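*Asks:* So you can see what is in the structure, the chains are spelled out below.
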Amino acid sequence: MPSLNLLGQALLAGLFTGGLYALLGLGLSLTWGLLRVINLANFALAFLGAYLSYQLATALRLDPFLTLAIVVPAFFVLGVVLQLGFQRFGISELVSLIVTFGLTVILESLIQWIWTADFRRLETPYVRATLKVGTLYVGVSGLLGFVAAAGLTLGTWAWLRWSYLGKAARALAEDGAMAAAFGVDRRRLALLLSGLSAAYAAVAGLFIALSHTLAPSQIYAWMGVVFAAVIIGRLGNALGLLAAAIAIAASEALTMAVTSPGWAPLVSFTLLIVVLLLRPEL
Amino acid sequence: MWPLEEVPVSTIPRSLLILMLGGIFIIAPWAPAAAGTSGPPVRIGGTLALTGPLGPTSLVHKIAGEISIEQINKRDGLLGRPVEWVLLDDQSKADVTRTLYERLITVDKVDLLVGPYATNAILSALAVAQRYQKMLVHHSFGIPKLATYPMHIPVSALGNEPDKSLPKKVFEAMESTGQAPRTIAIVTSKFSSVHFISVGAREVAAARGLKVVLYLEYEFGARDFAPIATRIKEANPDFLWVGAIGLDANLLLDAFQTIGYKPRGQYHLFPAPGPLINAPGSAFAFAYTSFEAHPPMTNNPSAEELSRLFHERAKQAGLPYPFVETQAASSFASWQLIEAAVNATRSLDDKVLAAWLKANKVDTVYGKLSFDGPNNYGPEYTKVKQIQNGRWVVVWPKEFAAPGTKIVYPAP
Chain A
0 MPSLNLLGQA LLAGLFTGGL YALLGLGLSL TWGLLRVINL ANFALAFLGA YLSYQLATAL
60 RLDPFLTLAI VVPAFFVLGV VLQLGFQRFG ISELVSLIVT FGLTVILESL IQWIWTADFR
120 RLETPYVRAT LKVGTLYVGV SGLLGFVAAA GLTLGTWAWL RWSYLGKAAR ALAEDGAMAA
180 AFGVDRRRLA LLLSGLSAAY AAVAGLFIAL SHTLAPSQIY AWMGVVFAAV IIGRLGNALG
240 LLAAAIAIAA SEALTMAVTS PGWAPLVSFT LLIVVLLLRP EL
Chain B
0 MWPLEEVPVS TIPRSLLILM LGGIFIIAPW APAAAGTSGP PVRIGGTLAL TGPLGPTSLV
60 HKIAGEISIE QINKRDGLLG RPVEWVLLDD QSKADVTRTL YERLITVDKV DLLVGPYATN
120 AILSALAVAQ RYQKMLVHHS FGIPKLATYP MHIPVSALGN EPDKSLPKKV FEAMESTGQA
180 PRTIAIVTSK FSSVHFISVG AREVAAARGL KVVLYLEYEF GARDFAPIAT RIKEANPDFL
240 WVGAIGLDAN LLLDAFQTIG YKPRGQYHLF PAPGPLINAP GSAFAFAYTS FEAHPPMTNN
300 PSAEELSRLF HERAKQAGLP YPFVETQAAS SFASWQLIEA AVNATRSLDD KVLAAWLKAN
360 KVDTVYGKLS FDGPNNYGPE YTKVKQIQNG RWVVVWPKEF AAPGTKIVYP AP
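Here the protein sequences come in this chain order: A and B.
First residue of the first sequence: 0, per numbering that gives the first Met the number 0; consecutive thereafter.
First residue of the second sequence: 0, per numbering that gives the first Met the number 0; consecutive thereafter.
Don't read these hints as lab results, they were simulated from the structure.
Mixed in with the good hints there might be a few duds.
Claimed, not checked - Covered stretches of chain B, going by a simulated chain A footprint (3 or more residues, C-beta under 8 Å):
#1 256 to 268
#2 347 to 358
What the hints assert, rightly or not - Chain A side only, calculated, beta carbon under 7 Å to chain B, not exhaustive:
#3 V76
#4 T115
#5 T129
#6 T134
#7 Y136
#8 T212
#9 A220
#10 G223
#11 M255
All values derive from a computational prediction rather than experimental measurement.
We put the CB at the ideal spot given by N, CA and C, even for glycine.
Extracted from the complex, chain A is given alone in its bound form (with noise of 0.2 Å):
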């Protein structure tokens, strides 16, 4: 029988886990929801990202936190950019997919060539700083992640809920033609959507970098995961990912405290066909 200490470290893990999930999850379901841009890169960006906060924090001695500054601004433009292509060349939703995936392919070889295939770690105060709350360990890189994928995912759907551009943006999504017939601006709606998300894979990278390891292939690590978080929380519902996000990391945790750690895989998987059997509509 698992103790309660074990279990309350492992919701606190999952919890933790589930804003890392929610952070990354964010752009691509802002574009994938709004834009109907299936943005695979965005997995890829998150990485670039991470290694820029490492590079920075590293070369510059900067802390982590203000190579944000640099980063995010960058990432905008990278993500409008992005757009720009995808608008130049028509691309669809399902091509979409395969051509951010090669994007994926490439900025993975990219950080591969500029930081080779081994391992780098972030090494700052951040990492091994610990609270201590009753007989639990808060890592406090893993609370600031969560506390930053709350605060963005909370300010995103009330963004989206009640400023102009948000209902624009969902207006688009709902209806793209009447949304142009009231004076909606399409392109440059799409150009500011694309931006943020590539802002939030920057924010994600920075956690990412204050957590893990990093190696070029762990890209392709979370993809599953968060694309379950993203479709059982609804297409461009910030809200809706982050419950299901935590939802998911901490299932995962759970069944790793509780049962063989070999298990823990299927739990995002099952969760999504559990939701999709019964609410088909998602």
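Knowing the structure of chain A, use the given hints to seat chain B on it.
*Replies:* Below, chain B alone, put in the same frame as chain A:
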């Protein structure tokens, strides 16, 4: 003359193909041409996991292979002809490996084969080699009982029964300290070779009177080790055996850091050589090895030269641990075997070469290797290494221990 690294690109849209090929050309390895050679090159084909989860360790094999090719070509190549290494990226996937070896034989028409990295890929390559009756010299196969093909030549310290011999050596090392562990936790990846040996470790531990207080298996490529780390902490073993490969060891140590746990003794089976040494909490960790770049192993002239060259290249390539160890030495030895067999027989015929290697002892970076035991395996020569003062050093068996070192257990 200049070997070019190739990557399968069949699933990539044509519009991206040009860009990708551009990238591949940029990262293509270069080896100098042979000085006193002439005629068409002898083409030796193989794959490595240049991308994917096994990429970091494959990079070590790539550097060792490039050094080998350079040295062979400096010695006038093979049969007076320059040697070219046709290296493909198997992406750490066994199914891709199978296809690429098929391609190496039927399309690239290479003269000889050299193995890929790691057990799953080698199993795939062995099947293809057997179908075409090609000799396969390989360097990182972990389940000898599955290698029944008569023309495979394994450079492996593991011997024929690593599931028994390797754990035995680890436990002997611990017992030699006079403070032998009484309880053990075993956690292992399901990756075939480490799983096979870790299952053996469970049996050997029980047979030697160690109480196995925790046994866990996790999927290859697992990311979150926090719950596993907490379970190990709660089990509180005297000794921890980790059937680790790739990133596992680092991820587990990261999780230990978060929960404030430090094992009294920890053994990691096949960690990538560099990263573990730099991981917080890795001091005094043990791991498997067959070679480390210190005396008495570097007393061998070819080992000394390999150590020097590898150190230069690995630093250039930015490897975090730029020293020769098991992986580099095994790779280098596999090329030494090919060179010795071709020079001795003056032939490129696979059957002739395999027969010669099975009948002779060959001088390598390890000393003399033989392939006359069950499934072509010779005697085992595994060693136990430990992180001491920021370096990996062999601590067991005593005769191979780095000068002035002894086993530190329990960790201070």
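*Asks:* Evaluate each hint against the coordinates.
*Replies:* Hints, verified against the model:
no. : hint       : result
1   : 256 to 268 : holds (count 4)
2   : 347 to 358 : violated (count 0)
3   : V76        : violated, 20 Å
4   : T115       : holds, 5 Å
5   : T129       : holds, 6 Å
6   : T134       : violated, 10 Å
7   : Y136       : holds, 4 Å
8   : T212       : holds, 4 Å
9   : A220       : holds, 6 Å
10  : G223       : violated, 11 Å
11  : M255       : holds, 4 Å
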